[in-house]
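When you get a sec, could you build the whole thing from the sequences and use the hints?
Protein chains: 2
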Amino acid sequence: MIMKIAYTILADTLKDKLINKGFEKSDALECARLFAQATLDGVNSHGVNRFVLFMSNIDKGIIDIQSKPLKIKSFNALEQWDGQLGSGPNNASFAMTRAMTLADQYGISCVALRNTNHWMRGGNYGLLAAEAGYMSICWSNTMPNMPAWGGNMPRIGNNPLIFSMPGNPHPILLDMSMSLFSYGKMESYQRQDKKLPYPGGFNKAGEMTDDPQSIIESMLPISIGYWKGSGLSIMLDLFAAILSEGRSTGEVGQDDEESGLSQVFICLSPDKFLSKGKMHDIVNEILSYTKKSSTIDPDAEVRYPSERSFRIRAKQLEEGIEVHDQVWQEILALG
Amino acid sequence: MIMKIAYTILADTLKDKLINKGFEKSDALECARLFAQATLDGVNSHGVNRFVLFMSNIDKGIIDIQSKPLKIKSFNALEQWDGQLGSGPNNASFAMTRAMTLADQYGISCVALRNTNHWMRGGNYGLLAAEAGYMSICWSNTMPNMPAWGGNMPRIGNNPLIFSMPGNPHPILLDMSMSLFSYGKMESYQRQDKKLPYPGGFNKAGEMTDDPQSIIESMLPISIGYWKGSGLSIMLDLFAAILSEGRSTGEVGQDDEESGLSQVFICLSPDKFLSKGKMHDIVNEILSYTKKSSTIDPDAEVRYPSERSFRIRAKQLEEGIEVHDQVWQEILALG
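Residue numbers (my numbering), protein chains in the order written: chain S, 1 to 335; chain G, 1001 to 1335.
For the record, the hints were derived by calculation from the structure and aren't laboratory data.
Please read all numbers here as calculations on a predicted model, not as lab measurements.
Quick reminder that beta carbons are idealized off the backbone N, C-alpha and C, glycines included.
Just so you know, not all the hints are guaranteed correct.
[Said to hold, decoys possible] Straight-line distance between alpha carbons at most 16 Å, and here's what the computed EDC-like set of lysine to aspartate or glutamate pairs gives:
1. S:Lys292 / G:Glu1251
2. S:Lys73 / G:Asp1271
3. S:Lys272 / G:Glu1245
4. G:Lys1292 / S:Glu251
5. S:Lys204 / G:Glu1251
6. S:Lys278 / G:Glu1245
7. G:Lys1073 / S:Asp271
8. G:Lys1272 / S:Glu245
[What the hints assert, rightly or not] Chain G regions said to be covered by chain S (calculated; three or more residues, Cβ under 8 Å):
9. 1101-1111
10. 1145-1155
11. 1171-1183
12. 1197-1209
13. 1237-1251
14. 1261-1273
15. 1307-1321
This is how it looks when you write it as structure tokens:
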């Protein structure tokens, strides 16, 4: 059953649980904010639904909440940090904040982070930058969870890639992984006994299929644009592993648990060139042109990235955030 | 009929034609090199096959070969240049070279370029950086040539996106546009009276189809990953138009000819952190892991980005470059 929870109650509850777990207060506040914001924007899969697993990964020693990122190398606008297997959301928030400081100084910056843990919703770090007036590009590698194009064994990561920028009334955010459908999305179709809207992977016989069950069993989802997303996933892994001198997708896959990831945070400071007003004018020109299109389905509309999630945010801020009651009970039952 | 031409003859011939057209010698050399290299790597569509059109766009005044890029604004590692409607390949080569100089100084850099012309093969600028030891990310906007997801009118560009990095024995390059199939590719299937290997767009009735003819007529190719590539195309256009304060895809589409484009060149200098040897080790670990996979088609292999084009390069360096004799005759007939 779905229940509705006010944002402040959600964020406060998560914060208290994190403090009970041993987080420093400021870390708990930021980590709870990131989990709550993902849920507020409708990304429950990387918000509230993942919180209990996140906490159990602390108990298992996969996440070391005492660890802080450590600067390893730096050259002006380019820095390399070690996440020391700390909390993924906190490390990523730290890295993007550091990239913002460097972008102030240099106009553009890059912070590469190794040995970190799952950052949950990557879009959160794009929003962090965009809300402060920056443009950002960031990505993470993952464990191997897709075949490279043509292959029939998991070899590449779905490596989420984020682009963000300021906008008015809200930032513009693209948060996309390299797989056409996430496992979470496929499971959701499967639970409803539905086919995917488009073929989303291969079955064990190597045939492309829209049956989520077959793809979950074969572990062969397809990448966006077939060979193109496969290539992009490989490039993102190469960049992340090299710039951070951290682990590659293949190396991450040698462990049972997904940990020790490599991430890249690029930040740009457009306010060195344009006023906020000029920037918003350009954004609005592009988005209104894009939306001024008739549609194949007359009841549909053309949407730009994050348009839907900010609508969900507005609705949930007013009416409360939709959470499965079982998920909520499990969170309340945490120590 | 296909003929074979040695690289040096191809590059020299193009250079002579450019000099005859009024190019300065150094500009002619670089422009000819870029057209010839695209062709050498098998990208004839943005190499030799496009040369006559390029020359006629000079005659039409769309490309002003006397123009040089002009620096408009700069803030340390971030610069904004005006291409002054000069030669697109020369402008892009200049911008990436400038980004390389800035990356030397700052570790990462960004050169945004407005009012430029079609850069032909975007991968050329990725190779320029990678061969000199840099990692790069660059992209261009284009005229509106695809619908945004859900729409049935061209509203977004296929906005080619390039990632490149050094490798051994050759650089690693991803050069991908946001459309699943280019018009050139669809026309090639159409000429052979073949269907596309996957649905590549919508027909006029709004149905997804693998019939190239229907997509060419409707002008509704699909983007990679459907809604995902559509979103990425929009973000690339936003970044390019804002950072360069140049024209957006929609604004470019107001003219009959595709000109006055906006481009972004991001360059990173990994040698501030890693030796070339260490970098090559990481590249080779990732690529060999990726390729070590069985395949759905037992006669196929898993390939990494640019693997195929460097094979074509090696073959054509040895055996000569494949060029349609009609294309070659038209080039020879130029003034």
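Tested hints:
Straight-line distance between C-alpha atoms of lysine 292 of chain S and glutamate 1251 of chain G comes to about 14 Å, which keeps the hinted pair within the 16 Å bound. Restraint check for lysine 73 of chain S and aspartate 1271 of chain G: satisfied, since their Cα atoms lie roughly 12 Å apart, inside the 16 Å limit. Of the supplied pair hints, the one linking lysine 272 of chain S and glutamate 1245 of chain G holds, its CA atoms being roughly 12 Å apart against a limit of 16 Å. Our distance criterion of 16 Å between C-alpha atoms is met by lysine 1292 of chain G and glutamate 251 of chain S, whose separation comes to about 14 Å.
At most 16 Å may separate the alpha-carbon atoms for a hinted pair to count; lysine 204 of chain S and glutamate 1251 of chain G exceed this at roughly 47 Å. Restraint check: the Cα-Cα separation between lysine 278 of chain S and glutamate 1245 of chain G comes to about 9 Å, which is no more than 16 Å; the hinted pair holds. For a cut-off of 16 Å, the pair hint linking lysine 1073 of chain G to aspartate 271 of chain S stands: about 12 Å separates their Cα positions. Distance restraint check for lysine 1272 of chain G and glutamate 245 of chain S: the Cα-Cα separation of roughly 12 Å lies within the 16 Å cut-off, and the hinted pair is therefore satisfied.
Residue count for the stretch 1101-1111 of chain G with a Cβ under 8 Å from a Cβ of chain S: 6. That meets the three needed, and the coverage hint holds. Residues of the stretch 1145-1155 of chain G with a Cβ under 8 Å from some Cβ of chain S number 8, which satisfies the need for three, so the listed coverage holds. For the stretch 1171-1183 of chain G, the stated coverage by chain S holds: 4 residues have a C-beta nearer than 8 Å to a C-beta of that chain, and at least 3 were required. With 3 residues having a beta carbon nearer than 8 Å to a beta carbon of chain S, the stretch 1197-1209 of chain G meets the requirement of three or more and the stated coverage holds.
Residue count for the stretch 1237-1251 of chain G with a Cβ under 8 Å from a Cβ of chain S: 11. That meets the three needed, and the coverage hint holds. Counting residues of the stretch 1261-1273 of chain G whose C-beta lies closer than 8 Å to any C-beta of chain S gives 6; at least three are required, and the coverage claim holds. Requiring three or more residues with a Cβ within less than 8 Å of a Cβ of chain S, the coverage given for the stretch 1307-1321 of chain G is violated, as only 0 such residues are present.
Of the numbered hints listed earlier, those contradicted by the structure are 5 and 15.
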